[in-house]
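As a plain string of letters, each chain reads:
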Amino acid sequence: MSILLMLIPISLVLLGLAIAAFVWAVRRGQFDDLDTPALDILDDDDKPAASPPDKPQDPSDAG
Amino acid sequence: MSASEDACFHCGEALPTQPIRQSIAGQSRSFCCHGCAAAAAWIGESDLGGYYRLRSAAAARVDMEPVDLGIWDREDLQAEHSHVINGGREIILLTDGMRCAACAWLIDRALAREPGVIDSTANAVTGRIRIAWNPEQTLLSTLLQRLVMLGYRPYLAGGEASERARLRERKRWLLRLGIAGLGALQAMMFAEALYLDVGNTMPAPTRDFFRWLTFLVSSPVVFYSGWPFLAGAWRELRQRHLGMDTLIASSTLLAYFASLVETIRGGTHVWYDAAVMFVFLLLAARMLEQRARNIATAQVDALARARPAFATRERADGSRESVPVGQLQVGDVLRIAAGESVPADGVLLDSDAHFEEALLTGESHPVHKRVGAAVYAGTHCREQPARLRVTEVGASTRLSQLARLVERAQSHRPPIARIADRLGSRFVVSLLVAAALVYLGWRIYAPERAFEVTLALLVISCPCALSLSVPTALAAAHGTLARLGVLATRADALDTLARATDVVFDKTGTLSDGESLQLQVEVFDNMTAERARDLASQLQRDSGHVLASAFAQGRDADRATEVETVTGQGVQGWIDGAQWRLGQAGFAFGGRDDGGIWLGDGQRGLARFILSEQPRPDAAQALDALRARGLVIHLASGDGQAAVQQLADTLNIAEPRARQTPEDKLAFVQQLQRQGRVVAMVGDGLNDAPVLAGADVSVAMSQGAPLAQRAADLVMTGHSLTRLAETRDLAMRTQQVIRQNLAWALAYNVLALPLAAAGLVTPWLAALGMALSSLLVTLNALRLTRVAGSASQS
Chain A
340 MSILLMLIPI SLVLLGLAIA AFVWAVRRGQ FDDLDTPALD ILDDDDKPAA SPPDKPQDPS
400 DAG
Chain B
162 MSASEDACFH CGEALPTQPI RQSIAGQSRS FCCHGCAAAA AWIGESDLGG YYRLRSAAAA
222 RVDMEPVDLG IWDREDLQAE HSHVINGGRE IILLTDGMRC AACAWLIDRA LAREPGVIDS
282 TANAVTGRIR IAWNPEQTLL STLLQRLVML GYRPYLAGGE ASERARLRER KRWLLRLGIA
342 GLGALQAMMF AEALYLDVGN TMPAPTRDFF RWLTFLVSSP VVFYSGWPFL AGAWRELRQR
402 HLGMDTLIAS STLLAYFASL VETIRGGTHV WYDAAVMFVF LLLAARMLEQ RARNIATAQV
462 DALARARPAF ATRERADGSR ESVPVGQLQV GDVLRIAAGE SVPADGVLLD SDAHFEEALL
522 TGESHPVHKR VGAAVYAGTH CREQPARLRV TEVGASTRLS QLARLVERAQ SHRPPIARIA
582 DRLGSRFVVS LLVAAALVYL GWRIYAPERA FEVTLALLVI SCPCALSLSV PTALAAAHGT
642 LARLGVLATR ADALDTLARA TDVVFDKTGT LSDGESLQLQ VEVFDNMTAE RARDLASQLQ
702 RDSGHVLASA FAQGRDADRA TEVETVTGQG VQGWIDGAQW RLGQAGFAFG GRDDGGIWLG
762 DGQRGLARFI LSEQPRPDAA QALDALRARG LVIHLASGDG QAAVQQLADT LNIAEPRARQ
822 TPEDKLAFVQ QLQRQGRVVA MVGDGLNDAP VLAGADVSVA MSQGAPLAQR AADLVMTGHS
882 LTRLAETRDL AMRTQQVIRQ NLAWALAYNV LALPLAAAGL VTPWLAALGM ALSSLLVTLN
942 ALRLTRVAGS ASQS
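Respectively, the protein sequence lines represent chains A and B. Numbering-wise, the first sequence is residues 340 to 402 according to my numbering. Numbering-wise, the second sequence is residues 162 to 955 according to my numbering.
No wet-lab data here; the hints were simulated from the structure. Computed from a predicted structure; not experimentally measured. Any given hint could turn out to be false.
Said to hold, decoys possible - Partner residues aside, some chain B positions facing chain A, computed with beta carbon under 8 Å:
#1 Ala-262
#2 Ala-263
#3 Ala-265
#4 Trp-266
#5 Ala-285
#6 Val-286
#7 Leu-336
#8 Gln-347
#9 Met-349
To be verified - Below, a list of computed lysine to aspartate or glutamate pairs in the EDC-like style, where the Cα atoms sit at most 20 Å apart:
#10 B:Lys-332 / A:Asp-371
#11 B:Lys-332 / A:Asp-374
#12 B:Lys-332 / A:Asp-372
What the hints assert, rightly or not - Far from chain A, by Cβ distances over 12 Å, these chain B residues were calculated:
#13 Phe-418
#14 Asp-511
#15 Thr-946
Glycine included, C-beta positions come from ideal geometry on N, C-alpha and C.
The task is simple: from the sequences and hints, build the whole structure.
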């Protein structure tokens, strides 16, 4: 049971770290905008976007 | 996506008969107006075409009306609303066109391409844009011009201090929830160790060690994260109105302090885990509900916007200066450019002018004002510039009087006791009484178990499911509403809408869009309708009058000569060798004025034009849907008898009310309310604001006046009126789900209470029952996220 004397302080330290990290993230505004950053990954800034694949009416309309 | 062939590629609105076609990224697209086409062209050229793929809602229509953004560069404005940062200045503004995250994405990218922009972030949820720019490299107005061109008009945010306070509040809630989550998890871990010790084999010092540890991690959860409940309970106690917060706080505190007592004296049970789980779950539910409502209010807030307001004042020597509206004084002489809004009430000097008073009267046609006539703040000067002498400023203007009427009507709104509150309050009282009785009973029967049983009773009957039942249902319903294109800004809006019996509609801007005019022609003698139209359009060519746009279709070469406007009467001119007059009957042929517009040659009236407003395309369908749901439809408008009657006939509305002032409309609604009806009001103009505030539940159209939206409970962001019936359905379903949830939660408690009172319930059984019950209630609420019939608008 003496292992508890080590594990429990460790768990408390980890809890403290988790809370500290969370507080830091909130203060830095990481949670301010939860919608826009999700879109960044969907669009590639480096190369011009290719013709959107999800528009079925496009080919007939091309001209 | 909204890019179907019969809708504008950019904004998704219905196309006019002759759409603008333009090639975007190699494909031909149709647009409703040049503004949309220009925006789409720029987006395509700038390689931002990803916007059209990413967006989940159609863009706002881009207005081609030029906007003067020069005032944004003024030093006094920037000093007040922006602050200096390293290398430049930073400002937070509001905009109205941001409808989904892709808009924020587009704004970020578009601004990043402008030279001189240091940094920018746009937030679609709150409708706010933060721009940091270097004033030496670019003007703020240049950046804003780019936004306007994409369809996002800038407005002043309510001041930096309130913006920061809003952000701080949101962060505090997040911290509370995060700490509650982490703390509750850890407390549960320690509690688990105690639970697993079923045979009581753990040595007492180890057990106490674990209990103290649990105490340590649950304290911040109960007191920091749970503070909103504690503060709420204290407020309820002071107001002598017991509600949910009292119950939550008393259960939490009892569980916490009882555990502490047990820990100190080494008793058999601790309930720290119950205390922290309450706080965490309830905090999460409350945050969900608040977030849904905050999104709605933030968007309306973004609509209830302010523009930087400056007026052009004439100095004594005739030169002009630009001054903030707040500095105007009675007696000042102002110059109003065409298209500008009037900053203060005044009388017209020098020459006649036209003013659009839609904001005040709901009448969308410009009103002709003669020299000396009163002009009101908030109206728009049309066609030619005007000079006026200020007679009223600030709070004494007609505009401010209307605003005060709104506030008064709001405070007199019939009180609505919310079903959950009512139930909750009774439940709290009876539960506390029951707990006291049980305690007394056990004192007599078995004093050593009295405390423990009472506590078990309070824990098991914890109103978890009961408190979750309403917030979860509301959160789910608000989410669905947002997808329908309806923003609910007040908590009880849905409740009242479900009980509504009558719907009162405004005309212009609500049932009709106020723009598409229909021209009917009656001809006499040997005149033909085509010729009459042609002659009228020739005469109207240069007048710039609103009617001119209705006449404009089908005009070929200009043949009219010597066209002159006779003030207040009409126009006359020579066409193909004959003189024609267009205007009131007396002017056109010497007849009696009948409200129509006549074409005549001075002796005979040859054609009569009747302008009528077209109802919105879906108005009839929407009204039928509402009637099918048993609602009585009324029409109250500030417009003239003929126009109102005509629209009422088209839409089959009985007893329309015409020429209604804001006060009349409010009186009409209050009269209905006295008859015991529950009135829903749908309107858009500032003239509707008082009645919107006074009705039991009110719906404003998003194109309408900001003040009307601030007074309304629901704001419709889409154009479609049919959403109204769907919203009503959702409101009914929400009420139903809330009732089911409450019934279940109460049944569970009624069942569990006697068992707990008899001392038969072990803590783990109580915890399991509580969790299952809460889960059931939440799942039931989630049914509301399904949209019946036509799905979301994207």
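- Item | Violated constraints from the hint list, given by number and in increasing order | Result: hint 9 breaks, nothing else.
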